[in-house]
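Novice: Residues per chain, in single letters:
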Amino acid sequence: MRSPPLVLQFGLALLVALLTGCGGGNGKGCQNACTGGATQCSGLQVQTCAADSSGCLAWSTPAACPGTLSCNATHGTCIDHQVTIAWTANHEAGVNGAGGGYQVSITGQPTIDVPYASGPSAPTSTVAHLPTGSYSVTVKAYAALDRQGGTTGNSSAASQPVPITVP
Amino acid sequence: MTTRSVVLALALSLLVGGGARAASPRALSLAGARGLYVPDEILVQFREGVSSRARFAAVAARGHELAATLSWPSWARVKVQPGQSVEAAVGSYRGDPAVALAQPNFLYRATTVPDDPGYAQQWGLKNTGQTITADNTQPPGSALEYTTDNPGTPADDLNVEHAWDHITDCSATVVAVVDSGVNYGHQDLAANMWNGGASFPNHGYNYVDGNADPMDLNGHGTHVAGTIGAVGNNALGVVGVCWKAQIMAVRVLDATGVGSSAQILQGIDFAVQHGAKVINMSLGGNGAFDQAYSDAITAAQAADVLVVVAAGNDGVDNDSGTAPTYPCNFTQQNLLCVAALDQSYQLASFSNWGAISVDVGAPGTNVLSTWAGTSGQITDPLNTGWTGSTTTAGGWTYGTPGGTACLVDPSSYPDGQYAQNTDDRAYKVFDVSGASVVVAEIAFAVDVANGDYFRGACNGAGGDPFAAGTTLGAITNMATYPRLQTANIDVTSCASAAASFGFQLQSGASSARGVAVCGLTFKGLVTNATSYNTIAGTSMATPATAGVATLLRAYNPSYTYSDTVTAIMLAGRPVPALSGKTTTGNAVDAMLSLAYIHTPTGVTANVQ
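Protein chains in written order, with this note's numbering: chain A, 1 to 167; chain B, 168 to 775.
Accuracy of the hints is not assured; some may be wrong.
To be verified - Label pairs and their in silico Cβ distance ranges: (1) A:Gly36 <-> B:Ala227: 40 to 50 Å; (2) B:Leu233 <-> A:Thr39: 56 to 66 Å; (3) A:Ala64 <-> B:Val774: 16 to 26 Å; (4) A:Thr88 <-> B:Gly452: 53 to 63 Å.
Stated by the list, open to error - Covered stretches of chain A (in silico footprint by chain B; criterion: 3 or more residues with CB under 8 Å from a CB of chain B, positions within the stretch not fixed): (5) 78-85; (6) 141-153.
Just so you know, the hints here were simulated from the structure itself, not pulled from any lab data.
All residues carry an ideal CB built from backbone N, CA and C; glycine is no exception.
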């Protein structure tokens with residue numbers, strides 16, 4: 001393939017330089033892509049606007065949000081998606097006593113154990129921190145007493161699944 | 168699977184043999200073990216010749232601690248690392264040439280078995296395949312009522328022994344026996360009667376006589392009460408499903424075992440108003456829908472009271488549309504209807520069933536329990552000793568219609584007709600003294616015209632009871648021929664050493680086939696505190712279920728009637744003989760119901 005004439009090559013280079021800002025902005029031959037300190041989401045990860053190696057402001061490489069936080073596209077920042085899961089108390093003494101409690105299952109997440117601690121009944125709610133997505137929640141009750149009369153444990157069937165969507 | 172087999176499987180899976188040798192068969196001595204193992208300990212068996220120093224080193228190398236050498240010296244009790252599972256600790260010795268075997272330090276518990284001498288005969292609680300004997304029947308020496316599947320099949324029972332490891336005391340839940348009363352002074356019941364305070368010092372109420380003395384003059388209610396809550400582990404008699412209980416006695420059936428709607432619904436209301444949470448009603452009747460009766464059960468439901476009832480003893484399908492049995496066929500959610508199973512968990516031949524109306528099955532044949540006293544009976548042969556009179560000709564004579572000895576009038580019965588304008592009498596003197604109650608059971612076929620009468624009468628002083636005595640009943644304008652009808656009549660008021668009982672056929676200007684009396688038995692009961700009886704019926708399966716219900720509600724104080732019904736129905740044991748014959752196909756299983764955990768409901772998830 002033939003190369004364009006030299007004059008045309010120079011003209012194209014000038015046009016690119018004008019469009020990208022290089023040679024302007026901060027005076028170091030590049031132009032800022034964002035406002036310093038701003039954040040935006042890349043999937044569930046977050047990008048922060050900071051100076052790159054050339055001194056221009058640019059979006060960082062996507063990074064995981066800290067702890068249980070996840071990036072919310074609407075807000076463009078890491079936020080805590082708390083999901084409160086609650087259920088009606090079981091009436092079994094074994095569920096509401098030592099060795100009893102509930103297990104909360106959320107698709108794709110580790111099972112949350114909600115054991116009996118003290119008082120007349122086991123807790124009937126828990127808080128989960130979830131990334132954006134769709135989930136199904138079920139709850140089982142359990143007790144120490146097993147079907148043979150021992151104490152190896154026994155659990156109920158899973159509750160009807162409840163769908164949730166974390167924005 | 169039994170507990171024993173589960174624990175053995177666990178034990179074998181956790182045994183680790185060192186070196187090339189397999190797990191020692193000695194592990195099988197663990198048979199009978201149950202429950203878990205000590206969480207932070209294991210047992211290690213070292214090979215012969217391994218020095219104490221080498222043992223210590225082997226244990227220390229794993230971060231364990233030699234806690235003790237057992238008296239069986241090759242074995243050591245070893246403390247494992249904090250947080251380390253027993254399984255991992257046992258596994259860490261795999262392949263160690265110094266170690267013959269490593270295993271969990273299993274925990275053992277004694278199975279709770281009562282010392283009541285009759286327990287060995289209570290197959291419904293513990294079926295070992297034992298033969299049920301007639302040693303405890305009433306009248307003493309009489310034969311068992313039910314002979315099929317005796318002995319039966321081991322483990323076809325309520326599975327209550329394992330439940331007893333966790334609860335035997337049901338006294339937190341008041342259970343009402345709405346029946347013929349309860350012998351509240353019985354040695355196996357007195358300590359387990361409801362405390363009715365000063366208002367009800369005899370532990371209940373009597374709606375037959377309208378007073379606060381619900382003493383059982385039949386035996387049925389006392390038998391029911393014993394199945395629910397005969398005192399356990401008192402080295403006397405029998406044991407109930409509940410070893411300790413609060414049994415409320417509500418008498419709605421008379422000495423003959425009969426009660427009216429009014430008596431029964433008042434009895435239900437008494438139980439509800441005075442705190443019963445389980446009502447046992449081993450009674451029933453065929454007939455039309457009884458609105459008042461139904462309303463009483465609905466009121467019990469509103470008060471969170473579970474009502475356990477019998478399927479009936481006619482050997483029929485309650486759902487056929489031709490033979491509904493109430494209260495079983497009522498549809499309230501707090502009603503649990505029970506069929507009877509025999510000793511091999513076959514449906515008892517007499518038991519009603521119903522894929523819509525009957526919920527579960529329970530042991531109901533050859534059931535040994537408490538009895539109100541010593542029963543006795545006199546059966547007349549109806550072929551000698553009767554004194555007859557007539558105002559015309561003929562009158563009562565001995566006959567054998569159908570080959571059975573009967574008193575008949577006219578003598579040509581059933582082919583002729585009785586005389587018009589006649590007064591025919593026959594009576595006989597019996598010694599029916601010494602009993603607390605005497606019931607005459609009369610079997611007869613009758614065909615009398617309107618205005619003509621067939622009567623019975625008695626007189627404690629003897630003589631013609633129609634000249635001076637008590638009329639026991641009168642029938643007119645009725646034809647049951649050829650079907651024999653049975654009537655049970657309380658004749659206690661006439662009881663003496665020389666009491667006369669008689670029959671009369673009195674006619675006007677009409678005539679009919681007449682009367683045949685083909686059965687006459689006097690049944691007496693001398694109440695005492697020490698009697699027992701072995702009988703059969705859905706009436707016996709019902710208290711087995713009510714006992715389990717009481718056990719469940721005592722163990723789970725927050726349980727509602729609905730929780731209890733669900734735990735009994737859904738956590739029962741599938742029995743082929745009940746499939747298609749009950750709503751669940753299940754037999755009541757105390758341990759499975761006790762371990763049942765309801766599926767959580769009302770789950771919500773809110774995103775913040």
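Novice: Hints first: check each against the structure and report whether it holds.
Specialist: The hints, checked one at a time:
For A:Gly36 and B:Ala227, the hinted distance range of 40 to 50 Å is not satisfied, since their beta carbons lie about 60 Å from each other. Between B:Leu233 and A:Thr39 the Cβ separation comes to about 59 Å, which falls inside the hinted range of 56 to 66 Å. In this structure the hint that A:Ala64 and B:Val774 lie 16 to 26 Å apart at CB holds, the actual value being about 21 Å. For A:Thr88 and B:Gly452, the Cβ-Cβ distance of about 40 Å falls outside the hinted range of 53 to 63 Å, so the restraint is violated.
Under the rule that three or more residues need a Cβ within less than 8 Å of chain B, the assignment of the region 78-85 of chain A holds, with 5 such residues. Beta-carbon proximity to chain B at under 8 Å applies to 11 residues in the region 141-153 of chain A; the threshold of 3 is reached and the given coverage holds.
Comparing the model with each earlier hint shows violations of hints 1, 4; every other hint is respected.
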